[in-house]
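Enquirer: What follows is each chain in one-letter form.
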Amino acid sequence: MSDIVEKTLTALPGLFLQNQLGGGPAAAKASFSSRLGSLVRGITALTSKHEEEKLIQQELSSLKATVSAPTTTLKMMKECMVRLIYCEMLGYDASFGYIHAIKLAQQGNLLEKRVGYLAVSLFLHESHELLLLLVNTVVKDLQSTNLVEVCMALTVVSQIFPREMIPAVLPLIEDKLQHSKEIIRRKAVLALYKFHLIAPNQVQHIHIKFRKALCDRDVGVMAASLHIYLRMIKENSSGYKDLTGSFVTILKQVVGGKLPVDFNYHSVPAPWLQIQLLRILGLLGKDDQRTSELMYDVLDESLRRAELNHNVTYAILFECVHTVYSIYPKSELLEKAAKCIGKFVLSPKINLKYLGLKALTYVIQQDPTLALQHQMTIIECLDHPDPIIKRETLELLYRITNAQNVTVIVQKMLEYLHQSKEEYVIVNLVGKIAELAEKYAPDNAWFIQTMNAVFSVGGDVMHPDIPNNFLRLLAEGFDDETEDQQLRLYAVQSYLTLLDMENVFYPQRFLQVMSWVLGEYSYLLDKETPAEVIAKLYKLLMNDSVSSETKTWLIAAVTKLTPQAHSSDTVERLIHEFTISLDTCMRQHAFELKHLHENVELMKSLLPVDRSCEDLAVDASLSFLDGFVAEGLSQGAAPYKPHHQRQEEKLSQEKVLNFEPYGLSFSSSGFTGRQSPAGISLGSDISGNSAETGLKETNSLKLEGIKKLWGKEGYLPKKESKTGNESGALPIPQESIMENVDQAITKKDQSQVLTQSKEEKEKQLLASSLFVGLGSESTVNLLGKADTVSHKFRRKSKIKEAKSGETSHNMTCSSFSSLSNVAYEDDYYLNALHDRGDKELKTFSLNSELLDSESLTELPLVEKFSNCSLSTPSLFADNSMEIFHPPQSIAASVAKESSLASSFLEETTEYIHSNAMEVCNNETISVSSYKIWKDDCLLMVWSVTNKSGLELKSANLEIFPAENFKVTEQPGCCLPIMEAESTKSFQYSVQIEEPFTEGILSGFISYHMMDTHSAQLEFSVNLSLLDFIRPLKISSEDFGKLWLSFANDVKQNVKMSESQAALPSALKTLQQKLRLHIIEIIGNEGLLACQLLPSIPCLLHCRVYADVLALWFRSSCSTLPDYLLYQCQKVMEGS
Amino acid sequence: MIKFFLMVNKQGQTRLSKYYEHVDINKRTLLETEVIKSCLSRSNEQCSFIEYKDFKLIYRQYAALFIVVGVNDTENEMAIYEFIHNFVEVLDEYFSRVESVDELPKICSALEPQQACFSPDSSFKGAASTTPIY
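Read top to bottom, the protein sequences are chains A and B.
The opening position of the first sequence corresponds to residue 1 in the UniProt record's numbering, with each subsequent residue numbered one higher.
The opening position of the second sequence corresponds to residue 1 in the UniProt record's numbering, with each subsequent residue numbered one higher.
Since the hints were made in silico from the structure, they are not lab data.
For every residue, glycine included, the Cβ atom is placed at its ideal position computed from N, Cα and C.
Honestly, I wouldn't trust all of these hints.
Now the in silico label distances, taken between C-beta atoms and shown as ranges [to be verified]:
(1) T44/A to N26/B: 20 to 26 Å
(2) L40/B to K1055/A: 55 to 61 Å
(3) L40/B to T579/A: 52 to 58 Å
(4) E958/A to L40/B: 52 to 58 Å
(5) Q61/B to S267/A: 23 to 29 Å
(6) Q61/B to D262/A: 53 to 59 Å
(7) N26/B to A1062/A: 28 to 34 Å
(8) T33/B to C215/A: 15 to 21 Å
Kindly produce the complete structure, drawing on both the sequences and the hints.
Expert: This is the structure we're talking about:
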């Protein structure tokens, strides 16, 4: 590795030469080296921070004098710069030297220039204003014939460069990709990587050249290009699947030692390169069997080769394991990877143990049995003296939490939480505990207590979602009303007890939660009266340590309780106290309370009991104010104009004054500036008109904005999160089962482990309670199947499995995995199977029970019993068990599908549409999609064909909500019944919210076959920006006006190919490919316009010089021009 | 992704720092103090990786000198751990013995003619051409 450095340095012979000669007299050199040296030595010798500060301030002031003195030579400047860098590195501001660093880079000889560049790259950051001054120097040096200068310029560009100046150097750097020296090529690739990081759409057109870099004969250039590929593949892996072969070949060569020996590190060939490649492969092979198959060999080879006992090989192994578990699984590889993890976890070296835990955490979701294998190690790590190891272990446990082990795991987490002081850790852990508690809480008491702990420890640093979610959970409840009431009652009781404690301080957030719950649900109490609760809240209100925000929560709670309370002494006292409060907010609340208190009937109707979940109908249009507005208008008031419209008008007025011909301005509102009476009336008239049109626009705009928050059904986000919370709505008390399990475990333990030490026993207990529920159903998960069964359900089937495996089960075995199984078994016997018949009978009953309980989705079970003649084949259809599936003539159904699709297309021929493309299929159904580019939206049509001879029930197609898209369902999307061999279409209109280049819209189709089992099929469709671009038909005059009112513009020159050398043909291409509307062609200039749906206009001004087309975009949206420019470049290059 | 690269002595004085993401100069000092504190509090039996806020610190000790690298969570800790050693080996190869020199001044003065001392990037990018620098 170090040899590469040598190469790098020897590639700069000029530099050293310069140094040798430029060093000049020995005396000068000595003084030069000694000054930084003595500064460093001086600082090291100092003992206190204060002394250091004094020395450096002294140094800085002398440096300041030197750099600004006119007599300072460049050579001295270079020396100063080095000391400045050192001072700034120690944290002292040296900003006075920044400009000199830029000057040095500009003016110096090679060595001085180098120091200048170095200083610039260390001093400045991307958005620093001085950086613009460097651009010229960089451009000059990039064109230099001296390789060293080119190198320096490329180096600085790859570290720091202003985003908006990229077009100035881009062509120069692109040229360097063909340079004969590999170091230049490498640095050029790194510079382009930097551009890709800061402005990805500016380098999109040179992707082809990256491919060339990947195949470069120099390893360094190839390695540099991997950075770009890793990044691009992370963003969109589907676009680079074709490169998988190349990456595999490269990795094969690296692993096989084909690289020059220079790249070896402790005789391991290019370890970091291997890691990079493994990462890329992992991304490419994810969920893609065909691509994954290409890499099995090389992964196997990597695992085999990396057996050398050295840290760096462990790093490679770790990456291998990660990749093996990321891609489409292959059992042999998984086995080997699991072995590797075992080696890590069991290693005495602490760093390896950490890696092992990290790998386990990743792998555990796919294969929980691995956790069982290593459970004792995990238990040990849980009590490890190193908190980092502990935390990693908790992370692992968090991933394997289920309804059975949740209490133990959360307890461990809380223990850790009480010890840690770092805010970040607390926030993180508190969030996890809250999540687990909501998901798996075994009973009310536990849930409330855990949340109490969360609130008191997490306090005011935790994420605000946690208390919000908790309150929502309480308010919305689950299916069972009495259950909800119990939970609420328990919460109220526990808070009252907490508040009774003296001298305990709770975090403000916790107090807020308490006050809300008490305000809403105190009515559930039978012992304490609302008045008593009010008294407690009042006590809190008078407490000085309570923040004013919390006080408003408290007073709101009091307000809610007041109508229920009979005596109201406290309330009156409170009103009296706070109507004179200095806090205006509190005062307002107190006055509200006062007035409501005077009218009890109104108060009761306003604050009904337990209605927090009901939605309020809000009149968003404020129609009740119409009369008031009409009255105002009739009295001559000016119509209301929203703020932004007023501003726009002001702006356009200014622009009219500045740019439009004099005569024109007369007819427009430019007159208002004159202040003559006539002018005023004219002006107001005009502005009144425009306000009206503006009002229309803004009305629609406003509605859009409002839609997100308020709708017919009320507050919308609440609704959304309600569905999201449904998973949290599961904590059904399963105490009895839990207890049984525990009992069974303890019983087993008592009988078995008498001989073992007490400590050992404790660990075993812990293990059995921690790893309970991690059965052997893991094979299902390995196949990438999402487990959709509810928890209760899953457990049941697992018990059966444990039982069915009983024959091979050694009862006296002391291994803990079997222990937990034994526990299950006992439990199972206790609960369900008292009638142990003979073997055959048992299988029989088990199987029939299985069919009853609809646990058919459990694949291994199905497989296990598939040889049983009792199961009817039709039940298994489409359960990825092809043997049972009645073979269909797929060709016929496909033909039918296409005919049906075309019939649908006929209906919509008025719009342009794309060809139908199949997005997913299985034996039963196939889904194809196509786009219809309607004028006002993009209409996506998915046509679903039922290929099977069976009737499908409740077929439903759903689109996942995507970040950038607003998808609206057209009517008729859920079909109750889908007849055999029929095709149905689902239509969705899609709108985008932010411009982008490419997005993915995915969804799934679910259906029921017969009555029993349901299946689900996922698909995704790529959408490009162009799907949302429509021509904007406006006149040249409008174009001119709009042009001036848009602030965001982007300019770029594009080379035209010969075929489109003339302007009209070039514009024609743009019109056809990008759907731009050509407004006018004047000489060598052209005006085009388009809009991004729903209504973001973008204007394009083109001008032709020789074979260069100058594009100039303007839009009201800041990002749209960039994206359009990229599309234009693509089109112009492509044709 | 590497966020920063630090060389710190046992007294907690920064000897060399390089940030790959802009950090305000005042915040740097604060960050460095905290980073050093958390490194110094660790014993030999504890692992060389620290979770610090939302990123990870990977450190290695050479006599009185700590080298600490801050990375985000996409990074392979062991690879960075070895990368530190690689860096030290490179220094060692070029500028006498690094391990025997427990204070940086000597390294600095040794590096002086090339100023490579302050530029992990150029000499370093060659050395680490296989490692993500950003």
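Enquirer: Take the hints in turn and mark each one as holding or not.
Expert: Okay, the hints, checked on the actual structure:
1. The supplied range of 20 to 26 Å is met by T44/A and N26/B, whose beta-carbon atoms lie about 23 Å from each other.
2. Taken as a hint, the range 55 to 61 Å holds for the pair L40/B and K1055/A, whose Cβ atoms sit roughly 59 Å apart.
3. The beta-carbon spacing between L40/B and T579/A, approximately 57 Å, falls within the hinted interval of 52 to 58 Å.
4. Separation of E958/A from L40/B is about 54 Å and conforms to the stated range, judged on CB atoms against 52 to 58 Å.
5. The given range of 23 to 29 Å is respected by Q61/B and S267/A, whose C-beta atoms sit roughly 25 Å from each other.
6. Judged by the Cβ atoms, the range 53 to 59 Å given for Q61/B and D262/A is violated: they are separated by roughly 28 Å.
7. The hint said 28 to 34 Å for the Cβ distance between N26/B and A1062/A, and at roughly 59 Å that hint is violated.
8. Look at T33/B against C215/A: about 47 Å separates their beta carbons, and that is not inside 15 to 21 Å.
When the structure is compared with the earlier hints, violations turn up for hints 6, 7 and 8 and for no others.
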